[in-house]
Amino acid sequence: MIILWTDALIYLLVVAITLVGFVISRQPQMRRPLKKIGTSKTGMISLVVLIFFVIIGLLDSVHFKSTESRTHEIISLLDYWAKPLREQDEKTYSAPFATNLYSKEVIVLDDGSTQWGNPRLKYGGAHLLNPENERRMDILDKAFVGFSKGTGLMILLLLLLWASFGKKHDTLLNHSSFKVVVFVLFLIVSISYMLVELSSYYHVFGTDKVGEDVFYQAIKSIRTGLVIGSLTTMIMLPLAIIFGIMAGFFRGWVDDLIQYVYTTLNSIPSVLLIAASILMVQVYMSNHAEEFNSLIVRSDMRLLFLCLILGMTSWTGLCRMLRAETLKLREMEYVQAAEALGVRRWVILIRHILPNVMHIVLISVVLDFSGLVLAEAVLSYINIGVDPTTYSWGNMINGARLEMARDPVVWWSLLASFIFMFSLVLAANLFADTVRNAFDPRRAE
Amino acid sequence: MIQYILRRMLYAIPLLMGVNILSFILFFVVNSPDDMARMQLGQKHVTEQAIQNWKHQHGYDLPMLWNQQEDASKKVTETIFYKKSMGLFLFDFGVSDSGRNIGEDIKQRMWPSLSIALPSLIVGLLVNISVALMMVLFRNTYLEFSSIVLCVILMSISSLFYIIGGQFFIGKLLKLVPISGYDTGFSAIKFLILPVVISVVSGIGAGSRWYRTLFLEEVEKDYVRTARAKGLTETQVLFNHVLKNAMIPILTGVVVVLPLLFMGSLIMESFFSIPGLGSYTIDAINSQDFAIVRSMVFLGSVLYIFGLILTDISYTIVDPRVRLT
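Chains as they are written, first to last, in my numbering: chain A, 1 to 445; chain B, 1 to 325.
By construction, these hints were calculated from the structure, which means they are not laboratory data.
Quick reminder that beta carbons are idealized off the backbone N, C-alpha and C, glycines included.
Hints are supplied without guarantee of correctness; some may be wrong.
If we take Cβ atoms under 8 Å as the criterion, some of the chain A residues that face chain B in the derived model are [said to hold, decoys possible]:
no., residue
1, 276
2, 397
3, 399
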């Protein structure tokens with residue numbers, strides 16, 4: 001087992017989120033907003049989708065050295081399971097569910113004669129003898145089998161769940177948002193089962209320029225998107241909270257200094273700051289090549305640096321909001337009462353101010369997440385995002401962008417990255433809306 | 001008022017100093033000039049002499065911050081920091097690492113950037129505000145609900161897809177406008193339509209949602225209820241009362257970005273190969289030309305600070321209650 005830097009931080013983040021979730025759910029004043037999220041259908045659906053993405057991302061974050069291949073490359077648990085997807089490379093482009101290559105070349109037939117045409121793929125649909133006639137039926141057949149396997153699995157799980165909890169939690173099982181969640185779970189599990197079944201026979205989303213399966217790339221990109229969205233917030237949160245609260249509470253020179261720092265950072269166009277920092281990291285890495293010997297360690301470090309830099313550029317907005325809120329809070333009666341009673345200042349900060357700005361922090365964290373996932377794609381396009389060898393939606397779009405000029409158009413890489421990115425960002429946006437509605441006191445009825 | 005503006009301008013000096021020092025640290029301390037020379041000349045097979053020559057040519061052969069060998073005031077002035085930073089304050093950007101005059105380049109490339117950014121901003125603003133007003137006018141109906149859903153969907157799509165899709169469908173399939181390129185004078189218009197349309201469409205989702213929340217906040221206030229009680233129609237209330245009062249937060253958002261329009265949009269310009277400052281910056285990033293990137297960082301911060309001052313002034317114009325002291 002090998003733990004990369006981002007892996008370690010992800011585990012830390014998971015532990016932190018579980019702890020925070022546990023603490024929040026125990027507090028009586030948090031019951032109402034949590035219940036509001038629980039009863040919101042869109043909120044619960046998007047949460048289920050998000051959790052599905054997170055599970056894939058976590059599977060992709062357990063790295064170990066492969067024992068099979070002689071090269072001892074570092075692979076993740078997801079790679080291990082998706083072995084056929086990873087290893088069944090074709091020669092070059094091929095369309096989704098295709099049995100023949102995209103480009104034409106000279107084919108040597110069995111009898112020694114040659115022919116100009118699209119040769120058969122090495123793996124995609126290789127089990128078919130007569131692809132023209134059999135392909136459609138075979139795809140439908142495989143899809144149906146996979147779908148029903150997934151549905152069967154879900155029914156089994158639900159029966160188990162019902163058998164063990166059914167009597168006691170009658171109200172929960174009959175709740176409308178619970179039904180929707182079950183329905184979405186059904187869909188997700190069945191469709192992913194179907195895709196798994198299909199992908200062992202076909203390239204569901206085709207293959208890219210070097211013949212790599214696009215579906216595999218899109219799945220691998222999930223981790224990158226999640227890492228950028230979550231680690232960045234983890235880096236910016238302490239900065240924003242500590243500086244924001246301190247500036248608002250102590251005022252005077254502390255306030256001046258902190259305001260100076262964030263206005264300076266804010267006034268630099270963030271893209272340029274990111275570009276400059278990434279350039280520096282690149283140069284540093286190429287000058288210290290011996291410290292970053294393996295490709296995966298190198299790209300992992302660059303991913304971490306990108307999160308760091310994004311965090312450095314994005315804490316200022318939240319910091320300003322927290323400062324304004326703290327300025328308001330410190331004039332409240334309960335804070336003044338605490339001061340009059342002689343409570344030490346940092347105790348006031350932690351016990352009275354911090355819990356009362358937490359809703360702002362929570363809301364801005366979920367709101368920022370989707371923006372960061374989108375930003376990754378743009379940054380990768382300008383070559384200042386993640387390493388070109390890292391799987392990411394930005395890199396996929398970047399690679400596929402020029403292929404739109406081909407005839408026939410190579411559209412599948414774009415489609416795959418679009419579907420995956422869109423569903424993650426949409427789920428994140430919808431969930432963020434639900435959280436905001438639930439936690440924002442101005443929206444409470 | 002004038003006193004206030006003067007004070008704000010004085011306050012800008014330490015800010016710009018901070019920006020300068022930060023970019024100096026980023027560019028020169030993390031990587032020594034030796035590294036930069038090696039990078040510009042190619043990684044391998046570089047002689048020590050070649051590096052020294054390159055450094056001397058580009059003025060990187062001085063000490064970083066403090067020159068021990070010179071006398072009195074030259075101790076500060078004969079350094080890389082002084083030579084490379086002080087010019088920026090006078091908007092003398094110097095020469096890029098590839099030998100071009102940066103100031104001239106910026107002056108030339110400013111106009112294409114502006115000609116795409118300004119129409120995008122104005123059209124985008126008009127479209128967003130009208131969509132938001134429509135949503136508020138039809139609030140609590142299915143029309144509003146479906147447009148909110150549409151907005152969330154629109155804002156969940158990466159801007160890259162808008163550009164690629166727009167270029168493909170409008171430029172390649174329908175052949176309405178050229179896919180990319182630029183021309184001088186009025187013939188540039190046909191090249192500008194597509195980027196402007198795309199940037200407006202990609203901004204509708206987030207923009208109109210934001211303006212909607214601003215309007216909704218105003219709609220619940222007392223003066224709106226009074227206006228309705230007077231017997232004004234809902235449209236009159238919206239346009240004469242709500243829109244006017246919501247102008248203040250709208251203005252803050254718009255005026256701040258006005259000066260930054262000169263900087264152009266990085267992705268738009270490089271996708272549509274428009275020779276503006278955005279694509280200039282991207283080219284500089286890709287060819288790792290630090291002198292240009294640093295000048296752009298400085299220019300960007302100057303424009304941002306200028307935008308902040310403009311915002312304060314515009315407050316006094318829209319809201320007579322605000323006095324600058």
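Could you work out which earlier hints the structure fails to respect and list their numbers in ascending sequence?
3
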